[in-house]
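Visitor: Heads up: the protein sequence lines correspond to chains U, V, B and W, in order. According to the numbering used here, the first sequence is numbered sequentially starting from 33. According to the numbering used here, the second sequence is numbered sequentially starting from 33. According to the numbering used here, the third sequence is numbered sequentially starting from 33. According to the numbering used here, the fourth sequence is numbered sequentially starting from 33.
None of these hints come from the bench; they were simulated from the model. Since this is a predicted model, take the numbers as computed values, not measurements. A portion of the hints provided could be inaccurate.
[Stated by the list, open to error] The calculated DSS-like cross-link candidates involving lysine-lysine, where the alpha carbons are at most 25 Å apart (straight line), are: (1) K71(U) to K71(W); (2) K71(B) to K71(V); (3) K71(W) to K62(U); (4) K187(W) to K71(B).
There are 4 protein chains.
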Amino acid sequence: MQAQRSIRIVITGGTFDKHYDEISGVLTFKDTHLPEILKYVRCTLPIELELNQLIDSLEMHLSNRLQILESCRRAAESRIVITHGTDTMIETGRILGEAHLAKTIVLTGAMVPYSFTSSDAVFNLGCGIVAVQLLPDGVYIAMNGRVFPWNGVWKNREAGVFEEG
Amino acid sequence: MQAQRSIRIVITGGTFDKHYDEISGVLTFKDTHLPEILKYVRCTLPIELELNQLIDSLEMHLSNRLQILESCRRAAESRIVITHGTDTMIETGRILGEAHLAKTIVLTGAMVPYSFTSSDAVFNLGCGIVAVQLLPDGVYIAMNGRVFPWNGVWKNREAGVFEEG
Amino acid sequence: MQAQRSIRIVITGGTFDKHYDEISGVLTFKDTHLPEILKYVRCTLPIELELNQLIDSLEMHLSNRLQILESCRRAAESRIVITHGTDTMIETGRILGEAHLAKTIVLTGAMVPYSFTSSDAVFNLGCGIVAVQLLPDGVYIAMNGRVFPWNGVWKNREAGVFEEG
Amino acid sequence: MQAQRSIRIVITGGTFDKHYDEISGVLTFKDTHLPEILKYVRCTLPIELELNQLIDSLEMHLSNRLQILESCRRAAESRIVITHGTDTMIETGRILGEAHLAKTIVLTGAMVPYSFTSSDAVFNLGCGIVAVQLLPDGVYIAMNGRVFPWNGVWKNREAGVFEEG
Chain U
33 MQAQRSIRIV ITGGTFDKHY DEISGVLTFK DTHLPEILKY VRCTLPIELE LNQLIDSLEM
93 HLSNRLQILE SCRRAAESRI VITHGTDTMI ETGRILGEAH LAKTIVLTGA MVPYSFTSSD
153 AVFNLGCGIV AVQLLPDGVY IAMNGRVFPW NGVWKNREAG VFEEG
Chain V
33 MQAQRSIRIV ITGGTFDKHY DEISGVLTFK DTHLPEILKY VRCTLPIELE LNQLIDSLEM
93 HLSNRLQILE SCRRAAESRI VITHGTDTMI ETGRILGEAH LAKTIVLTGA MVPYSFTSSD
153 AVFNLGCGIV AVQLLPDGVY IAMNGRVFPW NGVWKNREAG VFEEG
Chain B
33 MQAQRSIRIV ITGGTFDKHY DEISGVLTFK DTHLPEILKY VRCTLPIELE LNQLIDSLEM
93 HLSNRLQILE SCRRAAESRI VITHGTDTMI ETGRILGEAH LAKTIVLTGA MVPYSFTSSD
153 AVFNLGCGIV AVQLLPDGVY IAMNGRVFPW NGVWKNREAG VFEEG
Chain W
33 MQAQRSIRIV ITGGTFDKHY DEISGVLTFK DTHLPEILKY VRCTLPIELE LNQLIDSLEM
93 HLSNRLQILE SCRRAAESRI VITHGTDTMI ETGRILGEAH LAKTIVLTGA MVPYSFTSSD
153 AVFNLGCGIV AVQLLPDGVY IAMNGRVFPW NGVWKNREAG VFEEG
């Protein structure tokens, strides 16, 4: 459990970082909340924060996912957490998994934006940050307090939770 | 990563569950916030919540720690998260560690009460919940985004963080 | 400044009470937050809470506004606060104003939903609750820390604020 | 209801601005939260913020209150809101009231610190900001959604509310 090695957090947006625009009345993106969160949760790990993109995962094209894959390849770190929209998180997981990188990669996100008072965002971030330190090389999804291999999970859209399968 | 087996969360209080009493103006205990937290973070693991005690860990006597040890022994679950005050968390960790239970036990807590807007409580809970699912039998401390064996950590009181050592 | 007489709060929805639906990812209505708010802000006034409707004011028809007018007429209380969407708040204000009820009516709302961490909702509620106790009969808008007669205000949609005019 | 004239907010601390020090585990003062609050509540009034002192009102001596009186005298503004600890708010109100300044002065505060998730601070601030715009010259207390003349109120310490009397 050596913490001297950095963990990279690759930020891609998703519901996690959604922002309420009071002029238009819609949920959109503005800045990422990751720097502020890491500070008040008192995370002492060396963290490299990478603002890769800020996009709703329903709007992702293959190019968006390849951009994430490229970041993972290039990263000096061998342990990477990716914040990602939950809707197509598994799709990105598949692309990363099939690349067989010699790294531990954990995707996480949120069902409720961080900027809401009852959000799962910070809990999920904690889950992801510990998962990436304890798991062997591979690609995983950390949601709902659980950790799944990318190819052993599906999103139950009706219930809004991730399940084994 | 089988989630069908329950995880037990043994609640002992600490700063995590401190409550501001507006009449007296002091921080004290009222109820635990764990049920409400587990609900909005959308944790789908089967969880057994045990309200063991609500105490500031600076006020713990050996009997308080033995009460926690007893809960761990008796528990049907082999994976236990304990919410605990940070001041003497390692002391309780030692008592549990030296009992050599065939269980994975993770202690976590908070430097800032959950009821404050910028609290590390929920992040730490996420860390502890994933740690307990991934670690082998033993006793650990999950704080500051990291996981330490109970006998490889100390609390740096000046900085308010846990460090290897 | 007699507080023995009740104040009626007529709830009509608007951004104030919007709720994030995590399954669909949209802002919608579920329950009103007013009971919970009045409790933790420690408001000791006798308050009659009326859940009149839960609607985005952009979707209001004349019938929705007449429903509010009817509530104001029927109310035993002579001091009424109305929580309302900001987009057509002045329109409802006009209908109430032109009815010349012998009552003090204050409309307020929020630019950011109460359920967000940085919302103006609770501040505006405080403004409205005091305004209705201090103003003579008439219809007013309380937004941005200010109080305007219904016929002396417009919504600056670009800036997202209410101004004299 | 002319808003072109500034309102002065004289900050004196109290529970409103208390801050949880995670190293010592006590509630103390650090910075005032007023600038941040006024921004996200979208208050468009011209406001002069004066950081007069940051003190628990139980620790106030006459000199602390006279310092507030002096600020009120010197102020260019004729409408002043004072954030103050609730314990001796009426005492300061008396000193200001007996000075018979040709100004409208409203004292407000909080029973629960702003930094807690369920605080009355922002609601009370809204109450005070509207009260100061609508009331004639004099000194008032705005708490619990109500407005009292300084000499017609007492703090019911058992219930933690202000009442007529």
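Visitor: Run the distance test for K71(B) versus K71(V): straight-line Cα separation, threshold 25 Å.
Guide: Judged against 25 Å, a Cα distance of about 22 Å means the pair holds.
Visitor: Given the hinted pair K71(W) and K62(U), is their Cα-Cα distance within 25 Å?
Guide: With Cα atoms ~17 Å apart, K71(W) and K62(U) stay inside 25 Å; holds.
Visitor: Are K71(U) and K71(W) close enough, with their CA atoms no more than 25 Å apart?
Guide: Answer holds: K71(U) to K71(W) is near 22 Å, not above 25 Å.
Visitor: K187(W) and K71(B): Cα distance at most 25 Å?
Guide: holds, 18 Å
Checked against the numbered hints given earlier, the structure satisfies every one of them.
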